[in-house]
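Chains as they are written, first to last, in this note's numbering: chain A, -10 to 246; chain B, 4 to 68.
Be aware that a few hints might be false.
Claimed, not checked - Covered by chain B, per the in silico footprint, the following chain A stretches (three or more residues, Cβ under 8 Å):
#1 2 to 10
#2 30 to 37
#3 54 to 66
Note that these hints are calculated values from the structure, not bench results.
Even for Gly, the Cβ is constructed at its ideal location relative to N, Cα and C.
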Amino acid sequence: MLRMYETELRSRLLLGTARYPSPSILTEAVKASGAQLVTVSLRRESGGERAGQGFWSIIRDLGVRVLPNTAGCHSVKEAVTTAHMGREVFGTSWVKLEVIGEEETLQPDVFGLLDAARILCQEGFEVFPYTTEDLIVAERLLEAGCRVLMPWGSPIGSGRGLNNLFGLKALRARFPAVPMVVDAGIGVPSHAAQALELGFDAVLINTAVAQARDPVAMACAFAQAVAAGRAAYEAGPMEPRDLAVPSTPVIGTAFLA
Amino acid sequence: MRILVNGASHEVGAADLAAALEELGYGGAVVATAVNGEFVPAAQRRTARIADGDRIEVLAPMQGG
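Next up, chain B with everything else stripped away, as it sits in the complex:
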């Protein structure tokens, strides 16, 4: 299926968020996630199903003021 990850279109085979993150190269990374604008805690990524057209945000620590 095709999903939007941080605004860019990606083809993934994974059915849940945790697997999609692995597939997209985020394995082991310190990140926070949201699907379609809603925060998905790390503990719920395994049970969070993803569907065609979903918008996924993957955020990480960054410089800030």
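One chain only, chain A, in its complex shape:
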């Protein structure tokens, strides 16, 4: 069972709610994924259209937990204020903290992230920081009070999978007891399975499902990959080696030359 901030979740697949072809496909994809936690954001609401009200009604009907993000925030102040607004609207102290540092890669500004995390942890938020695989940043985030880490696989929406396998493995090994969710960059179910096989506790997927030709079928595929990856991790994968080892016994081989 996945445990984050004293909350247990059966599914290790977290799903984003953006970029689906329609609200009904979003609903069906969430159901097919088995996700119990979905990410949401806050955006400007028009007094005439009130589009956000309809979206919120769809999410509430799904009966899943929500993780509000601070997507699009480039400064500590913006992120902290957005977190406050999210806590009020969504009624949760959980926040996926993003402080974006650079437009091309949407790489986290880890310095701003740390400052914002310190403030929000002190204020009682339960922070899920969107970070890189940097060990020292991770250590500082944990010191600040974060009890979950969300390292990126690769840039948001890129679908490139786990870009720095060595760095991610080192991060996993350095903090074995900290729940870690690989967030961003996962493109296909095999990437998700790989993250779980490495011992990451969960993955957060959005674009890979939402932009698939059939998002509902892809949500299903990701659910299977995540379950398989976790099962493999628990089963203890073999160590790779450079040379071949025959799997069929050599003793008793017939002499037929």
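Knowing the structure of chain A, use the given hints to seat chain B on it.
For chain B alone, kept in the frame of chain A given last:
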């Protein structure tokens, strides 16, 4: 007075934030508010006075990754 609501200029007669939201069509909506970049909790909207030129942000739940 003229205020900026989500970046667009609006003429409102209301003197406090709660009344301005009603006047602008947000009555009963699930929204979070900020005035001039500072978060104003729902419980304080009635006492939050607004002034000419104020920048008001009205945010609602939206799709997110």
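Which hints, by number, does the structure contradict?
none
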